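Following the hints, position chain B against chain A.
Heads up: the protein sequence lines correspond to chains A and B, in order. 266 is the number that our numbering gives to position 266 of the first sequence; each next residue is one higher, with no gaps. 33 is the number that our numbering gives to position 33 of the second sequence; each next residue is one higher, with no gaps.
These aren't lab readings, by the way, just hints derived from the structure by calculation. On a predicted model such as this, the values are computed, not experimentally measured, just so you know. The beta-carbon is built from N, C-alpha and C at its ideal position, and this holds for glycine as well. Mixed in with the good hints there might be a few duds.
Each computed SDA-like pair below joins lysine to any residue, with the alpha-carbon atoms no more than 25 Å apart [as the list claims (entries may be wrong)]:
(1) A:Lys-134 x B:Pro-185
(2) A:Lys-134 x B:Lys-105
(3) A:Lys-134 x B:Glu-188
(4) B:Lys-105 x A:Arg-17
Some chain A residues close to chain B (C-beta under 7 Å, calculated; not the full set) [as the list claims (entries may be wrong)]:
(5) Phe-18
(6) Ala-55
(7) Leu-57
(8) Asp-73
(9) Pro-77
(10) Phe-86
(11) Phe-92
(12) Gly-104
(13) Met-107
(14) Leu-110
(15) Gly-137
(16) Gly-141
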Amino acid sequence: MTDAAFRELRLDGVGRRFGDTDALHGLDLTIRRGEFIALLGPSGCGKSTALNCLAGLLPLTAGTIRQDDRRIDTLPPERRGFGMVFQNYALFPHLTVRRNIEFGLQMRRLPRAEVARRTAAAVALVHLEEHAGKLPGQLSGGQQQRVAIARAVVLEPALVLMDEPLSNLDAKLRLEMRTEIRRLHQSLGLTTVYVTHDQEEALSMADRLVVLRQGRVQQVGTPEELHARPRTWHVADFMGFRNLFPASVVEVPAGERVVVDAGGLRLVGVPAQPVAVGDRVVVGVRPEDLHVGADGAPADGGPADGGPADGTVTATVSVVEYQGREFAVEVRTAAGLRLHLRTTARLVPGDGVTLRVPAGRLLVFPGGGGDLPVATAPLGDDVPAAAAAAAAAAAGAADGAAPVPQEAR
Amino acid sequence: MTAPTDPGLRHRLAERGVDARLLLLVPALVFVVGLFVYPFLYGLGLSFQPAKGGGPFADYQRFFSDAYQRDTIAKTLWLAIPAALFNVLASVPIAYRMRGRFRGKRLLTTILVVPITLGTVLTAEGLLNFLGPAGWLNRSLLGLGLVDEPVVLIQNYWGVFFSLVISGFPFAFLLILSYLSGIDPTLERAAATLGAGWVQRFRRITLPLLAPGLATTFCLTFVLAFSVFPSAYLVGDPSGETRVISIAAYEAAYQANDFPLGSTIAMIMGAVELAVIGVVLLWRSRFYVGSSGGKGA
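If we strip away everything but chain A, and leave its shape as in the complex, we get:
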């Protein structure tokens, strides 16, 4: 029915509409054999739609999918030969673990001996030998998950599709299964498309990431590329840039630097995409890249990439959370800008701090079209209204008023 392997799977302009809304639009992607691709994005971004289109469970409304030179988007799911792991596992409740795993092999009408051999191997692969005779309802979540994976991989499918397979597990099990899936991928060399909303999961498992937002691709790249150089602030938001705020470009000197004004603060950063003076932009920096240099004290072990171009920000500590090795701290600038940082320094709410913002770690993203991060007002906001208004005016976005989200380019 299907050749077990392919050189590449090419998606051209794949789209899916539901009524008047584009759940997925213009997805171009080439999946090479053996690759582990993660589709990443917030809920409703179209990643599950993309997966269902690949599996054949949803017909496309635009574009084509080709496996090498063969067009497959017109084939029903049972003729594509792709394995799929569902979010709720979708194990057949009336069949034992062994029969669940056998199911696909029996559908291929393989000889009985081969079915038994491959089933036993798959059961062993996921360490469920003692549970092979049980019904899925008698297993724990992690075990059910493993049955679902074994059921999909026992067919040695050309492509394995995984739809948030770890989202129903607790944190510890999730970490274990993450390693397990990665191990299976490496040992079996299965081409995998993995859908998740968890950036950490995506970064740690995938060879390449596809970040989706509102049905459109934001960026495709290796984990390193996406982690270090997100192209839009939406991607940055996903990649752990917790400090994102609107700003405007003041100066574009020569070299890889721009000067921006954010709520009255002058900061130097690196443009993620070309920007011009006067542009509305969004600046972002990770909490771990902000360094506390309280009252002229030396910075707390930050990398030595500082320099005269580094910005400094004075602020007041508002919230401190203990997180084991370090503290997660929220500070407020006089203009009402909230920043998050991580530090080993013991701070208490009310302390005044001076933060160093390394120019190389502050990214400047285009923020045109009113597409700006929403500055949510915290509960019990104690910032004087005048200061907040000043900050809003300076930042060019009304504090607390959500700008209408628009399509990113």
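Just chain B now, with coordinates in the frame of chain A:
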């Protein structure tokens, strides 16, 4: 019920579910005892006191030794089992198709379910008008030259069968629709990705998960059909082909005024129903009866 004064005892009783809320069961209990248990036991006792003399089982012997009476069992089964089977089997594909959401689903469901509200007499009247010798169907068939003389579909087996289908189908359909909606649709999608075509998906996944629901639905529609009475008179042949067991009981009790024999026949009727249900439930017990992954069921 006297409320225990010792708070320790009250606490212990509450842990076993004995508390004032049990009183809520009283109306239901009165209802069940007064309207079911007592009449049933009364009738059972009556059936052992034959009016025409003889031992306690004389009326049972009388029923089974008289072919005219005895045959009512076979005649009723011959109506009720096919009608119940037809209702269940016809409901499955329609309910299967109607699981998801689509435009007009509510209207279609309403149309399918309306007959349940009609009542047997109205249905019978409609059947007489539609299927009778001068009804639309026969006039159309004659007009089209498909038949030379009217097809006889009333005042015989078929009249009663159609009546049972009209009144039983909506019931079976609603039950099966709810059982089918209780099956997680991703199970079939999973089967599809594993290479199962729609026949295999239905046979290997949906049908086994639906089987308990089919059994229950069959039992309920069978019981409804087995006690058929008005339509056996109105659109059937009450002295011949469709002399069902309830007619025999009615004639014994209210035309011959032999209440004990009437009770005996009612008891036999109950026993036959229980036997059929027993067989079906035995078949059902061979299937998986746990969760089917979806909502409900």
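Practice problem: Please name the hints from earlier in the document that this structure breaks, with their numbers sorted from lowest to highest. | Solution: 2, 5, 8, 14, 16
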